[in-house]
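Enquirer: Chains as they are written, first to last, in my numbering: chain A, 1 to 760; chain B, 1 to 158; chain C, 1 to 306.
Check each hint, because a few of them may be wrong.
[What the hints assert, rightly or not] Computed cross-link-like contacts, DSS-like style, restricted to lysine-lysine with a CA-CA straight-line distance of at most 30 Å:
no., chain 1, residue 1, chain 2, residue 2
1, A, K269, B, K2
2, A, K531, A, K6
3, A, K420, A, K269
4, A, K496, B, K2
5, A, K496, A, K531
6, A, K392, A, K420
7, A, K6, A, K604
8, B, K56, B, K2
9, A, K392, A, K604
10, B, K90, B, K56
11, B, K90, A, K6
12, A, K491, B, K2
13, A, K58, A, K392
14, A, K392, A, K422
15, A, K6, A, K58
16, A, K269, A, K422
17, B, K2, C, K21
18, A, K58, B, K56
Hint data in this document are derived by calculation from the structure and do not stem from the laboratory.
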Amino acid sequence: MTTQFKVLERNHPRVDAYDKVTGRATYASDVYLPGMLACKLLPSTRNHARIVRLDTSKAASHPGVRCVITGTDFPDIRFGSGALRDRYIMPREVVNFVGEPIAAVAADDEATALEAIELIEVEYEDLPSVVNPLSAMGTGAATVHPELEDYEGYGFTLGHNVSTLLDADRGDVDQAFKDADAVVEDVYRSQGINQGFLEPMACVADVEPNGRLVVYASTQGPYQIRASLAGVLEIPVSRIRVVAMELGGGFGAKLRLTFEAFPALLAMKTGRPVKLVNTREEVFTMNGPRLPVTNYIRSGVMRDGTIVAREAYTIFDVGAYLGAGPNSGIGHGIGAYRVPNYRLRSYGVYTNKIYVGSYRASGVADMTFAVESHMDRIAHELGLDPYDLRVKNALREGDVSVSGAVVPTNGLMETLEAIKEKIDWPRDLEDGHGLGLALCEWRSGSGPSTAAISVNDDGTVSLLTGSVDISGSDTSLAAIAAEALGIPMEKVVVAKRDTDLAPYTGQSGGSRIVYSQGTAVQRAAEDIVQKLMALAADRLGVPEDALGCEDGRVYVMDNEPQGLTFTQLAAASITSRGGPIIGTASLSSMPYTPVFAAQAAEVKVDRETGQVRVLRYIQAQDVGTAINPMAVEGQLDGGVVQGIGRALTEDQQFDPETGAVRNPSFASYLMPLAMDLPESEIVLINVPAPDGPFGARAVAEPPGFGPPAAIANAVYDAVGVRVKELPLSGERVLAALNGQNADIDFDVEALRRAEGIAAD
Amino acid sequence: MKQPLTLTINGESRLMLVEPYYSLLDCLRDEAQLTGAKKGCDEGDCGACTVLMDGKPVTSCLILAHSAHDCDITTIEGLATVDGLSPVQKAFVEHGGLQCGFCIPGLIMSATGFLQANPDPTEEDVRFAIGGNLCRCTGYARVVEAVMAAAQEMREGR
Amino acid sequence: MARFDYLEPHSVDEALGMLEKHGTAARLVAGSTDFLVRWRTGFWRPEVVVCMQHVPGLDRIDFNDDDGLSIGAMVTVQDIEQSDTVRARYPALAAGATAFAGVQVRNLATVVGNICNASPAGDTLPALLAHDAQCRIVSSSGERWLPLTEVFVGPGQTALAAGEIMTELRLPTPAPNSGGLYIKHSPRGAMDISAVGVASVVSIGPDGAFSSVRIALGAVAPTPMRAPGAEGRLVGQPPTDQNIAEAARLAAQAARPIADVRSGAEYRREIAQVLTERTLRHAAATAVGGATDFEDIRRLAVQTAW
């Protein structure tokens, strides 16, 4: 690849690769401190019940047990994932889902802690419960949070069990539907999904002799869990230090406080370090996954394929608590298309099951499944080619997005053209084989971002960032710093994050690190370059504007041999008048920069078993400037495979009566394995982002959006059946082949009526 | 009650006091301070705890520690030497066969055991050989590429 | 959480003595792949674990034409999967072994342990039934041989009495012109419990008709089961598509599937029929056409790759 860059657009092994391939990388569960106690949790066995009696006396007096805590040991303070505070860290009186931890034990070892857990006595008084979100919205259903309106942060009354409502409107929707040549209407349902990170939640809490709490955490957001811990423990933020250990996967599940408060309180009460490592079953039953989503979608279209109206009602099950926003944004009901008239509604609905968590652009994969399946349905209704329909309606530069921002330059069309060529669309295939497409959209993530780069006396630099590395971002940030400073990658050392040491920053998530944090790093590096220029001007005795800078060397433009290298300047800076050099930058938001990806699947359907095998999967994504192409492709590989799992095999199931997770293990929640997958086929489109660091765009989220729809569309192409519910299991596809796939019930009229919208 | 147990780990004989119910994984992590093998599930379903027992990849979370006394145990910590990384480790670094890294010790041990017995595999062989290892980040593409590259390097190095 | 003591016999007799001494408080383990997992959940709470791993002489695979295949109690599933004899002469068992869990678990789990756990979905079990396995069971009062068909009593339950140990399996030498296959139905290529598994082993006589047929189904009844009605429908009949389809229908009818997190009951029955048909067709074709490469068996054994 030819490139204008010295460091970027070249492959760099991860800066942490040696640690990781030798087993030296230290994850939270690898922290062993002297005198450390083991913590175990007692889960609720009921999905909605009052705790009548919770007797921990036998457990507390069991030999080797040092402390037992329950909800009432914490301050009477609710917390939440956002403004709405709907949850106690440990229930004080009422449990809301099966698996909710109601007591914690610290003991000399795990076996003793487990024995103590078995000695805790609980009596419940069952309360009416509701598990199905569509029922929960109806009158007469049980209420999950009867006192919701009294909770802090509850800003508006929406009615029964509704926690949130997002809406977006444009144009005259009803008139546009009347004017349309055809109306296409569908209901889709997508399943519960576990984030599937390999490292269970883990934490070691310790108390320094001065009483300060130190938490070694497996987290994507050390500053955010510090703030939440301070809240639920009612201690000042300054009394807490969070050390973010190597993160063994999070994908959104570790953005916020999980169970760190339990070992923290136990450490504060015992004065000893306490370690909590969740079992895999606890990961599945205690920490929020994504929950099922039902999507009603209706489009008004003209004969030539132009979409003129869109209505979408989306019901997000949020479980017992709003553990994460149900939806990453309302606009995804439109997809990557220009639609002049729309009415979009997205409800979050409480039920008595495990609370909803975040996962790789929460909700967007569900929306994309609906929107992109629906696009093929429109094409088939109108007798048009699904590819042509997408090209016709795709967003162009200058269009106005749902957020109101203008769409800047982008590579959407190039991604579509790339997959068309690579999969050779359209193409006649043998019976049982089919092709399918999907178009994905996302935006580059924003949020508080900071960077500090300090120049060492030997010309190396130390990059200090508060962002947890979840995607190889340390390597990418180092590359950005090296490029901006004109020095080789090896001269950049990335410091590990610790809330005592690194500048405050937002969580690692939403594809924001390289884009936003990377911009901060670039600006911090530019800050250094400016300071070095000033120093060079001083040393060389010329004005600053007479100087140039290239390849780590500052020189006099009229006399290039006269100059100083980065290393010379670094050494000089130590004793200079200005002193050692440190560059800093911070920002809180970045301009809207969309990310587009087009994907194509080729599948084979076994007509006798219904099983679907993906033979080829092609993705083309506009990544802007590829900071580290190897890392970018790694993100795309992994994202698509998560999407293929969502399409075909992954299915978090809940008991219809109790809401309990029915498949809390890796043997029953089936993520893809190496032999289940086709080769990776990737086309990188590089249309530089106007605002990202050196033109980089966000990368990680869109790859996972497309597979459910692309594969469902390919199944339709292969065997002529439309499956509207995920996953596309053999059982479901065979039922469809046998003509047994029932439509999904959805009373859209009731929702329209509730808003006062007349039926048409 | 803890019982004495002598294990041969990475070529060294080590005497430890170990509970009868400890798995080999717990023994390695809690008693031998070798935390490279990871506890991803403790149910034999993820492969993150894979070590070599007499050269064969096994899930150490399923093994009673006390039953392993006559075996040679190799963990991820035993692969690199002072001269550098093993060919498999090196290939994972160079081909970007890792992201969060939590599953990587297990994957590298599976690949190492497999390549010792199968020096000239097809890509399909590799995909089956690592079929007992879950990875959520990489999608396996670069992992498979790394194992194939390591196989080639090991063949040529002989 | 129930703590236990670890005992390690060095002979079968010593193990029998330990079982006698501790009675129902003892649990015998071989590869231990199920033991720790089920102990951690509290499902098994023994006071004493008797680990067979250091009993010499139980790890042999032997074959001769007269006695057939002998599999010692400590032979692992991976030993079976890798055995050239098994691949050539007992293809359904090779398929069952390769469909079993993943490499790391196969390197630990024993075939006899798989029998003794008596999971309805155990991947080696239909193949062992279809290869007509006989089990050697010893106790302090002597030994007895039991056909595998009589070993399974219910989910997790066998006909072994307290104090008995299964030490060996024998699989008779297949007749000339035999073929077989096991297919596992699973959404994933490894590390999964079968939704359905079917093994068929057949021989074709000089007249071109089936001279023997054994069909065994997994995960569609409380125990792995043979399908005698379907078998009887085929013996003496030529391997036509119609005969095979009819037998598959009978096999599926004999199934008593349940619905669980993996699959609905009716789907299980449909799949049992499809897999019976496929394994029979493959078995009949290879009985006269020669054995299948292991690479192909591996692809065929896991249904997703069909």
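Enquirer: Work down the list of hints and note, for each, if the structure agrees.
Expert: To see whether the hints hold, each was checked on the structure:
no. : hint               : in the structure
1   : A:K269 with B:K2   : 29 Å, holds
2   : A:K531 with A:K6   : 22 Å, holds
3   : A:K420 with A:K269 : 63 Å, violated
4   : A:K496 with B:K2   : 37 Å, violated
5   : A:K496 with A:K531 : 25 Å, holds
6   : A:K392 with A:K420 : 15 Å, holds
7   : A:K6 with A:K604   : 44 Å, violated
8   : B:K56 with B:K2    : 28 Å, holds
9   : A:K392 with A:K604 : 29 Å, holds
10  : B:K90 with B:K56   : 21 Å, holds
11  : B:K90 with A:K6    : 24 Å, holds
12  : A:K491 with B:K2   : 49 Å, violated
13  : A:K58 with A:K392  : 70 Å, violated
14  : A:K392 with A:K422 : 20 Å, holds
15  : A:K6 with A:K58    : 66 Å, violated
16  : A:K269 with A:K422 : 62 Å, violated
17  : B:K2 with C:K21    : 23 Å, holds
18  : A:K58 with B:K56   : 45 Å, violated
The structure is inconsistent with the numbered hints 3, 4, 7, 12, 13, 15, 16 and 18, although it conforms to all the rest.
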